[in-house]
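S.K.: The residues making up each chain are set out below.
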Amino acid sequence: MSHGLLLTAGQSFVDGWFNSLWVVVIAKAIIVLVFVLVAPLGVGYMEHKVLAHMQHRLGPMYAGRFHGWAQLLADGVKFVQKEDIVPSAADSGVFSLAPAVVLVPYIAIFVVIPFGKTVWAVNLDVGIFYVLAITSVSIIGIMMAGWASANKFSLIGALRAAAQLIAYELPLILAAAAVVMQAGTLSLVGIADAQHAFWYVLTQPIAFFVFMVAAIAELTRPPFDMPIADSEIIFGAFTEYTGLKFAFFLLAEYAGIVAFSAIASVLFLGGYQPILGLHIIPGFFWMSAKVGALSFFIIWLRATFPRLREDQLQRFAWVVLIPLALADIMVTGVIKVLVK
Amino acid sequence: MAIDTGQEVGPNAVPVRTREPAKRSLPGIGLLKGLGVTLKHMLQRSITQQYPDEKPNLPPRTRGVIALKEENCTVCYKCSRECPDWCIYIDAHKETHPPAAGGKGRSVKVLDRFAIDYALCMYCGICVEVCPFDALFWAPDFEYAEYDIVEMTHEKERLEEWTYKVLPPPMLEIGAEPPAEEPPGVAPIPAAEVGVPPLAAGVPPASPPRTAGDSPAPSAPEPAAATPTSAAAVAPAPAEHMEVEPDQETLDRVLAEELAKGTDRRVAEGRAKAAAIRAARKKAGQ
Ligand code: SF4
Ligand code: SF4
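Protein sequences, first through last, are from chains U and L. For what it's worth, the numbering used here labels the leading residue of the first sequence as 1, then goes sequentially. For what it's worth, the numbering used here labels the leading residue of the second sequence as 1, then goes sequentially.
Reference excerpt, derived from the structure (chain U facing chain L, CB under 7 Å, subset only):
no.: 1; residue: His53
no.: 2; residue: Met54
no.: 3; residue: His56
no.: 4; residue: Arg57
no.: 5; residue: Ala303
By construction, these hints were calculated from the structure, which means they are not laboratory data. In this text, a Cβ means the ideal position worked out from N, Cα and C, and glycines have one as well.
Work the whole structure out from these sequences, hints included.
M.R.: Here's what the structure looks like:
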């Protein structure tokens, strides 16, 4: 391994540099935090630009001089300056806590995502289990926001989000389960490693499809953006938020795109495994490229498809995705047994 | 379609119009086509004009600002009366010119003030339409916002300056009918002079203002000239309205200067002509 530094497999690259446990922990925390704060900005900028060009526009061009690269930084500065309004009828404690509850799970996910053979913070044995469990926590934040806002639009949006989560969490987990069955491990590093010969998207195309659809629905991104349908319920659970708290929700949305793209890359696209055996380019770049490509795909869908109706959305999950995912698991199981 | 019941069956049966069966295709093909459309558009050039950096190329009929060709104005007040906003201010006084060869003196209205308050104007274009003497024109300029609302009232000097920006009228479309009314006594402007193809040459009843300067005799529609009695008694224009040939030397020099500055050719020509006429007037006045 050209990029293996001087490490044994199964050890993060940070461990090789420091000896003290606490220094290692703090270094890892800082790296993860910086990544989570920077990567969503990149995806947000990509969304600005891709949506604009798909509509024959240019998108931001001024901030930062070169093609508006600093637009999201400027937006951040703007959000900081805005007044922080809490509605008088709102439950202010819960109201203020909600953005953090939405954002933190997405930060926590990146702890276990491998960006290279040794580029990860923690190699959890139950990595995929941890990831899927913790993504569901952010819905609690949305429910908190919806109930605490004392606003009917917020509440409708939050309840829609909850209903959507229940419907799409199932196919998401079933699709991941098919991959886990094939890889024989729950560790994300292990799953990425197991794809050194071929990517699982080749053997599990149906699971990939189901996973991506469910992930987009979990993110409440178009065409599954019923919970924040701006033409009918303003901005769903985030209607009453202003300033930094609102910015946190936006950051969480883009962090979510990065997170789910990263999980899908690891599960189906080989994670840090290079294309065509190009080991000269470090795994970190391969992983980033795959995450970028999947994020682009998610943005692309937003530019292309209109919003699904609430009942269509529910029907699609229960009638199409879940049976599909179950059938996929069954077939995977049967083949696994036969091959053995 | 089995739903079409109650129809005659047999040799006389009218062919039943059934709905075209939807083309069978794989489910989801439409979604992929949609993705293809957005991707294709992303790869095409975007059509955005980056306005302050890139000036828009506006068509000749753009309603940007109203220009006043003062020498054409006879102070008939039509424009100010028709203006729905009452935003045109006209002040004038009467002067009596002594008769050329006995008889009654001839009274002429002289324009003292002509102003348009662009803070009120709603760009309806009624004044331009209604002016019987082609003294008002649309120019495409639109960048004249001010920090003080008082500045939005353009006096006649400023309105005159806008005439340098007026674009020649658009060409008639191929096969379009020529205009019904040819104003009496107006010779068609030679095509070469106006710079438009022969098809459009005879069309404008009066020349666009920027050509009025260099061909005063045929193109200025002096209404009095049409009445036989007063042909000789046409009053000499007041001094500042003196018709002069533009000073060719100044024209060439200013045009070259403006073009060197990178000014748009049309604007440069307007400025050059204005400078040339000013120079010529100065010379004639001395
Ligand atoms: S464009 Fe209309 S509103 Fe403006 S000055 Fe002319 S008549 Fe008045
Ligand atoms: S309508 Fe024309 S000629 Fe009459 S006052 Fe207005 S600008 Fe002058």
